[in-house]
Every structure is written in structure tokens, then in C-alpha cells.
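Participant: Here's the letter readout for the chains.
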Amino acid sequence: MTSSAIVVVAATSALMLAQGLSNPDGIELSGSWAARNFTDAIGNMPGGGPRPVDYMGIPLNDTGRAWSLIYSQSQVSMPERICDYYAPTYIAIGPMGLRIWPESEMLTGSTTAWIIGGWADFVPITIWMDGRPHPSKYAAHEKSGFTTGVWEDDVLVTYTTHMEAGAIRRNGVPSSDQATMTARFSRHDDVLTITARIDDPIYLTEPYYLTRSFRLARAPLNPATHPCTVTNEGVEAERVPHYYPGQNPFLDELTKLYGIPQEAVLGGAETALPEFRKKIKDQYVRPSRCVSVPASTCGGPGTYPPID
Amino acid sequence: MDCPVRRSHGRAFSIGAAGLVIALAMQGEGRGQDRGNQPPPSVRAAAPFDPTGYWSSLITQNWRLRMVPPAKGDYIGIPISAAGKKAADAWDQAKDEAAGNQCKAYGAPGLMNLPTHLHITWQDDNTLRVDTDYGTQTRVLHFGNWTPPQPRKRSWQGNSVAVWASRRGGRGGAPSARYLRIATTELLSGYLRKNGVPYGDSASLLEYVDLFQEPNGAAIIVWTAVVDDPVNLEAPYIISSQFKKQPDASGWDPTPCSAGW
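Heads up: the protein sequence lines correspond to chains A and B, in order.
Quick note on our numbering: the first sequence kicks off at 1 and runs consecutively.
Quick note on our numbering: the second sequence kicks off at 1 and runs consecutively.
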């Protein structure tokens with residue numbers, strides 16, 4: 001009787017598979033996904049990232065803008081912060097590739113979590129798939145935040161809460177500890193596109209959408225973080241580099257280098273919309289040549305080698 | 001001891017086989033009924049999501065490379081090859097304008113990454129039409145067994161063949177889990193960016209389109225393009241663009257192609 005049942009179930013399962021009925025476990029995401037940083041080449045730029053005052057396209061409110069303008073990128077050289085980690089929003093704004101693997105329940109093989117490996121400045125993220133609830137709003141916030149996931153039509157949809165304050169652009173545009181991130185991991189062939197929606201009632205007027213694309217690599221990425229060593233990067237202990245309100249020396253840098261009007265540089269929701277071009281058409285002055293300093297920020301052959 | 005076991009296995013196999021035969025027969029019957037009584041659903045009816053309506057670009061990334069025409073020589077974000085760079089370094093806006101080539105940066109490989117509104121409609125049950133107000137371009141996405149008219153002609157938007165594709169390969173997965181996959185050929189050579197970064201007429205374009213519904217009723221289209229051009233690019237150029245659903249046509253503002261703005 002038991003054997004009969006097994007065979008009938010097997011036959012039925014084979015038929016279900018033949019008919020293409022959905023698998024509750026979604027699709028395969030395991031592997032090393034090499035970053036293809038073309039969509040946000042400026043934000044993902046290795047090294048220092050984007051220019052200090054470049055808030056274009058971000059739906060900042062006045063508080064977020066003011067906080068951004070007092071930030072100095074030398075803060076990452078503070079001895080207390082050299083070995084600090086970015087918040088999980090970094091998967092949407094950082095330059096690194098992703099190594100992803102499942103954690104499975106021993107007996108059933110079902111996926112209890114997906115893990116996104118860490119990087120030099122990014123702690124691993126665990127995406128819980130077992131239906132557990134998010135912690136209480138009074139629970140401690142961690143560098144890794146708390147992330148759960150569900151499959152929606154073969155797209156992994158994750159929701160992250162309990163993050164520490166961090167950044168949504170690597171030039172110091174802030175995210176608060178009340179920010180949340182909804183991310184969609186959408187695989188097409190060997191291309192993975194992550195669409196992130198960041199909500200932040202403290203610094204944003206509306207959701208901030210970002211995308212990044214990755215290509216499946218044969219050569220494994222190494223998710224292990226190397227031990228970080230605090231060295232002297234020129235900022236003495238207990239000093240927090242910053243600018244006083246109204247004194248950020250980079251306020252007009254993009255205007256000088258790229259001819260972009262300041263009302264665009266300072267961001268806001270309207271700067272992300274096509275209609276905004278009308279407002280700046282008569283103010284924009286196209287530079288005759290790329291004048292990025294250093295010149296490597298103009299790109300060129302060898303900047304984005306093929307992946308293995 | 002052996003006999004009952006063998007008998008049990010044999011009976012189990014018989015029951016299983018019978019079940020499988022019945023199930024397959026039912027499946028076949030279903031197919032027969034589909035063929036006999038109802039025509040297969042049109043591509044439009046089988047769409048896993050409704051892409052029609054007005055959509056607006058959300059330019060939250062690479063702003064200075066997309067919202068305004070970037071400087072000559074600004075290649076950041078494109079895996080440009082030495083040959084591509086040589087061509088881009090020789091780009092001359094005035095020459096394009098004099099030759100009537102203002103639309104060279106509005107071809108399909110770069111179009112969706114520009115600051116535009118989309119108007120998406122079904123041209124017929126097997127053809128999806130995508131209009132842009134930026135440059136007033138039209139992309140026509142053909143489903144089914146469409147073949148381009150002969151003789152084949154190159155154009156800025158090329159010839160596009162679309163399918164509702166499964167993320168599991170083949171026809172696996174639930175119909176609702178499909179996405180729009182577009183392969184475009186017969187492209188005229190053009191620019192990936194409005195500063196003369198070229199793609200050649202041998203470039204291939206493959207696109208993946210997802211539509212995500214938000215809990216508050218908003219909808220986002222994410223349009224991922226893979227441009228391969230072994231002459232002008234060192235690696236495939238993979239770029240994604242996002243569009244937010246608009247309630248109406250109030251933002252729609254057709255403008256002609258421009259080489260300079």
C-alpha cells in the first residue's frame with residue numbers, strides 16, 4: 001500500500017512537472033554573480049565612489065539634503081570607522097559581485113534561507129525563507145538588518161528591516177535606522193537583475209528605486225572578508241570630519257566640471273523625472289570634453305573586462 | 001517471503017502505471033478539447049502581466065550620463081573597446097546634424113535608458129507597440145511566428161521578436177511567472193549614449209522586461225538590455241532601466257530627435 005502510494009505520487013509528480021506546475025521553492029539563484037556596473041557606473045565607481053555632492057535622482061527631503069551636505073567622505077578614514085560595515089542597502093549601491101547560496105533543512109531539503117556572502121565592507125545577509133516574523137520594532141538593529149523572503153512568480157522578493165543608519169549613495173546620502181528595503185531578485189538566463197526599493201520616512205519624500213545587474217560567473221567570487229586592520233589614514237581618533245551648514249566646499253563641483261545646474265545637483269524627487277529636463281535646459285552647459293579628475297573616471301578600454 | 005514483496009511491487013507498479021495512463025489520457029483529452037472547441041489563447045490573452053498604459057522613466061542612477069547629453073569622451077559605464085573609443089573620439093555632433101542623423105542615439109540598444117515616457121499598447125493580438133515621447137520613436141514587438149518582411153531593412157529600432165519566457169527554461173513554471181523577452185536584429189548602427197559611443201550594425205540586442213506590482217497599487221517596469229557588439233565593446237553591455245506607471249497621459253510630450261539635447 002505504501003509502495004503503491006509512492007508510485008502514484010511519483011507518477012503524479014512527474015505529470016505535474018511535465019505540465020510545468022509551479023515549484024514552491026522558486027528558481028535557482030546559487031552561484032557567483034559578477035557585478036556588471038553599467039547601470040549605476042557613477043554610484044558604483046570603485047574607490048571613493050561618486051563625487052561628494054551628487055544627489056541627482058534621489059527623492060531627498062530637506063532633512064536628508066542637510067544631513068548629506070554636512071557629511072565629509074573623510075569619515076570613512078576615522079579609526080573608529082575604517083573597519084565599519086555598510087548597511088544591507090549596500091547590495092544596491094556597492095560595486096561588489098554577489099555570491100549566493102541556500103541553507104537547507106536537513107531532512108526535507110527545503111530552503112530555510114538564502115545567504116548573500118559578505119565583502120570587505122559588507123556583512124553577510126541572511127534571507128529567511130521559513131516564514132519567521134520580523135522582530136519587534138523595539139528589537140536591536142544590526143549591521144546585517146533582518147531580512148525575510150518569499151517567491152512571487154519565480155522572483156525572490158526580500159524585505160529588510162532593523163538596519164542601522166547607513167547610506168543610500170556612497171557619498172554620504174544617509175539612510176536612517178527606520179529605513180526598509182524591498183528587493184526583487186529577478187533572474188533571466190544568466191543575468192540577474194536586482195531591483196531595490198528603499199523607503200525612509202526620515203530622509204526621503206518617496207520610495208527610492210535602484211537596479212543592479214549581474215552575470216553568472218564560472219570563476220567563484222570569494223565572499224570571505226579579509227581581516228580589517230585599522231591604520232592611520234590621516235584622521236585622528238575621536239574627530240568626526242564634517243562641514244558646517246553652508247560650508248560644503250564641493251557644492252558647486254558638478255556645476256564646474258559638468259555644467260549641471262545646482263538645483264539638479266541637490267536632488268529631490270522631481271530630478272528623477274523626464275520633465276525635469278525642461279527646467280534645466282537653458283542652464284545646462286555641455287562640456288566640450290570629459291574633464292573628470294582623475295582621468296580614469298571618464299572610463300575607456302580596460303575599465304570593464306569580460307568576466308570568466 | 002520474496003513472493004509477497006514481488007507481488008506487492010507488481011501491484012504497486014500496476015496501480016501507478018494505471019494512474020499515469022489515466023492522467024496522461026486526461027491530459028491528452030484536455031488538449032484535444034482545447035484544440036477542438038477553443039482556439040489557443042492569443043498572445044495578448046496569455047500575457048502574464050498588463051504592460052499597457054503610460055510609464056515614466058525614473059532616472060535615479062547615472063543621472064549626468066542620461067538626463068543631459070554628456071561630454072565627448074565620457075565613457076564611464078560602457079565597456080568600450082579600443083575600436084569603439086577611436087570612433088567615439090571622432091564623433092562630431094555637427095556632422096550628425098548636417099547628415100540628418102539626429103536619431104542615431106535613439107536606436108533600440110540605447111533608447112530605453114534615455115529620459116522618456118513610454119506609451120505601451122497592443123497593436124493587435126500578437127503585436128505589442130512601445131512608443132517613446134523622447135525622440136518620438138516606435139518599437140514594434142512581434143510575437144508568434146512573425147518573420148520580417150523581405151527584403152530585410154535595417155532601422156534604428158530593428159526587427160523585434162518577443163516571447164513570454166519562463167525563468168525555468170523551456171515552458172516550465174507557472175504562466176504568471178513569465179517575463180517579456182525580446183530579441184532584436186537588423187539594427188542600423190547608432191550610439192549607446194548621446195556622445196557618440198557607437199554600436200555597429202552587427203550588434204545584437206536581447207532584452208528582459210519585468211513588471212512588478214507594489215502593495216499600494218503602483219507598478220514598476222524594469223527593462224534590462226544586453227547589447228553585444230564584438231567590435232565596439234569589450235564585453236556585453238548589460239543595463240537596466242526602470243519605469244513607473246502613470247495614471248494618465250498628462251506627462252506625454254513628444255519631442256523630435258536631437259543630437260545636442
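Keep in mind that the hints are not guaranteed to be accurate.
As the list claims (entries may be wrong) - Mimicking DSS-like on lysine-lysine, the simulated pairs with C-alpha atoms at most 25 angstroms apart in a straight line are: (1) A:LYS256 to B:LYS72; (2) A:LYS256 to A:LYS281; (3) B:LYS86 to A:LYS279; (4) B:LYS72 to A:LYS281; (5) B:LYS72 to A:LYS278.
Please keep in mind that the hints were generated in silico from the structure rather than gathered at the bench.
Owing to the predicted nature of the structure, the values given are computational and were not obtained by experimental measurement.
Participant: Can you give the numbers of the hints that this structure goes against, from lowest to highest?
Facilitator: 3
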